[in-house]
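Given the coordinates of chain W, work out where chain F should sit on it, guided by the hints.
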Amino acid sequence: MRRPAKIAVYVLVTLSVLIVAFPLLWMIAAALKTQAEIIDPNSSLLPLHPQWSNIPDAWNTAPFGIFFFNTAVFSIVTTLGQIVNEMLAGYAFAMFDFPGKRVLFYLVISGLMIPFTVVIVPVVQLLADFGWINTWPGLLVPNIASALGCFLFRQFFLSAPVELGEAARIDGASELRIFWTVYRPLAQPMIAAFTVIAFLQNWNNFLFPLVVTSSEHLMMISQGLTEFQGAITGTAYNLLMAGSLIAVIPVLIVAMVAQRKVVEGLTIGAVR
Amino acid sequence: MLPALGLTVLFSVVPLVMVVQRSLYKGNIFGTNLTFAGLANYADVFRTGGGHSLIVTAVFTVGFVAVTMLLGFGIALLLDVRLPGLRHVRAFFVIPLVVPPVATAFIWFTFFQPNTGLFNRLLNAAGLPQVTLSNATDAIIAVIAFGAWQYFGEIVLIYLAALKALPRDVIEAASIDGAGAWQRLRYIRWPLLRHQTALLMVIATLYGLQTFTQIFILTNGGPQGATQTALYYVYQEAFGLGASGSIGLADAMSVILFAISLVVTIIQITLVGRSARAAAA
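Protein sequence lines correspond, in order, to chains W and F.
Each residue of the first sequence is one higher than the one before, counting from 22 in my numbering.
Each residue of the second sequence is one higher than the one before, counting from 39 in my numbering.
Looking at chain F on its own, in the form it has when it is part of the complex:
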């Protein structure tokens, strides 16, 4: 048991303390030549495109959460319908979640190639302008679309489990009283799922904030930083730029990212606590 705790403490709690402390110092990746810099790293983060990265993170995360939640809930509702065969379809939605994202990112990468990529062939056939990963707007839409494709299965699975666990007698009673499918969804099933929805939004948000692989392969943060999220900024400063990167900036951005994740987690605990109290009352 002690080794487990030792490792957890050594590789998550100690580094957290380190990252906060180091964010106040200027120095190189080996931690030598450290000089105390106060909050200068934080100021420099915003001077070197960190503010833009935070905006990109916000845009990506909002888009990602919206698409995964809508798609996930919609498909879970479809799969919850009691019709022959639908039970076996569930496993399909697991596939994008479990196969290596690097491999699926390459597939999506080819989709966006000019003229020959799937999307551009379809757009050409429809007489519409092409999309390209070297256009800022297209690139951010592309990473949201791919990120959502890769992750929405998780939302489907959890909503589906929650839908199956709803009290059937309540829904049947409403049905007998003449409530149509839409009314049962709007006034009974959706409110009963409030707790799950809040939880899933938080999980998806945390996942969105930590998205890296998908962006690394698809756009490499480009074009001109258009898809450089906060985590990508951390990676670039610490590992991607070699000697010209700054570990202090990476640490400062990590602390900012941690603060954001913490706020999201606190919201989660509050929401879950509140709905648990509401259920008990």
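Only chain W is shown next, with the shape it has when bound in the complex:
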């Protein structure tokens, strides 16, 4: 590659990284500005005297502690549920023959193809019938099934060697034991990638909690942020950005630490 071409590639890559990073850098800068700097159209991009107090101020404007706690409970429980549930279901579909298997599998696949947003109205009606609106079961239970997870784990176990299980079976191991000690460890990389991506998706879920809860003590961080927006005055965009910063930081840390798994998860998710 010639030199000008190399330079052009680097320039374009830098530009595209800036497209991604700039809004976040802007958020950090704005979160540390004074109210006067926010409403001054000629203020510099960087805060003159960083207002670190904006962050505790934002934190105290809305119950962010509760929001984080709820989001953590929601993400951990639903992600764990999805993994346990779908690993077992995928395993059963891949390894065993049973009556009605085809029909059941098509049912799961149809669950994969129906965008959840299309059925959100009847799901809320079902939850209302159960008396689960504004409750933890209403938030958690409908999210524990993941058709995508079932599909991915089935595909994975279909390609796992049958001989391993047969050898264990001859040695007298129970089916559950075969699953747990022989096949589950094989699926470890898949579990890791699915965990990271399911966790992030659950963490960011906005529409579902929005329509199932209205009480503040059950709110997740995304919905909480909209509450927070309602609580600050008019153009206090420095506080709005400080609140957004609070919501973004934990996810950013997870994404950076588990970078490789995130990339893997996002690419397998696209199989659908």
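Because the hints were derived from the structure by calculation, they are not lab data.
Backbone N, C-alpha and C define an ideal beta-carbon position, used for all residues, glycine too.
Some hints could be false.
[What the hints assert, rightly or not] With a Cα cut of at most 20 Å, we get these calculated DMTMM-like pairs of lysine to aspartate or glutamate:
(1) K122(W) x E196(W)
(2) K202(F) x E285(W)
(3) K202(F) x D118(F)
(4) K202(F) x D176(F)
(5) K64(F) x E196(W)
(6) K27(W) x D118(F)
[What the hints assert, rightly or not] Covered stretches of chain F (in silico footprint by chain W; criterion: 3 or more residues with CB under 8 Å from a CB of chain W, positions within the stretch not fixed):
(7) 133–143
(8) 189–195
(9) 264–277
(10) 281–290
For chain F alone, kept in the frame of chain W given last:
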């Protein structure tokens, strides 16, 4: 295993049947006072701005898919160049995908504020007219731009993985035969990526059809319904308007949205099947 299936059936298949059935009835959100209405809800959808919502959905989705695909493919090509350092840049493009869209939507919301927002400061400096979220055209461009910013990383990642998996010997052979970079892209790499491109267009289309959070925060469907997509219409009728909303209309629009998604999915299966057969032949 049974619980998994039970839950999937209960929370996706049963509601689908319910939504189709309920779309034929008039009634309130609690499902009481139901009266059979035939296709009246569908007619009423078009009488109450649903047709406009479908047009907004089409405009948004086409713009969203075009921008994400172009940006995604272009950047994937850049990152595929074998130069030191580029390997580590990939992780950056994941960020908008994984941080809460509500938070990033607020950032973009401030960008559009009159005089003080970033975009308007830049436009002012260049002596150009300002943009505002209370103008219909600006608002739809804003939600497309933000939606694309939030999602294009996915396209980058998948194209990049596909580019890395291309048979290197074929490309090198072409290079030895004197094909330049543009010719290798036009006649070898692009055709080899046809399958990925078709798949990605479908994935992006389905994502575009389901976009909600981005619009909810940035424009709230406004101004005057200019960014009210079909899904937003469903949300408004079912949850947003309280007692004056109509659950029958929400159900009817959900069924329409489902039919559109189904057509897109069938196209996907056909395209993937065809390219798989072509590869096998």
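Going down the list of hints, with the structure as the test:
1. At most 20 Å may separate the alpha-carbon atoms for a hinted pair to count; K122(W) and E196(W) meet this at roughly 18 Å.
2. Distance hint between K202(F) and E285(W) is fulfilled; the C-alpha atoms sit about 14 Å from each other, no more than 20 Å.
3. Taking the CA atoms of K202(F) and D118(F), the gap is about 7 Å. The hint holds against a cut of 20 Å.
4. The hinted pair formed by K202(F) and D176(F) fails the criterion: a straight-line CA distance of about 38 Å is larger than 20 Å.
5. For the given pair, K64(F) sits about 51 Å from E196(W) by alpha-carbon distance, which is inconsistent with the 20 Å threshold.
6. Restraint check: the Cα-Cα separation between K27(W) and D118(F) comes to about 13 Å, which is no more than 20 Å; the hinted pair holds.
7. Given a C-beta distance limit of less than 8 Å, the hint that chain W covers the region 133–143 of chain F holds, as 10 residues qualify and 3 suffice.
8. With a cut-off of 8 Å between beta carbons, the region 189–195 of chain F has 3 residues touching chain W; three or more are needed, and the interface restraint holds.
9. Check on the region 264–277 of chain F: 5 of its residues sit with their Cβ under 8 Å from a Cβ of chain W, so the three-residue criterion for coverage holds.
10. Given as covered by chain W, the region 281–290 of chain F passes the check, having 3 residues with a CB less than 8 Å from a CB of that chain where 3 are the minimum.
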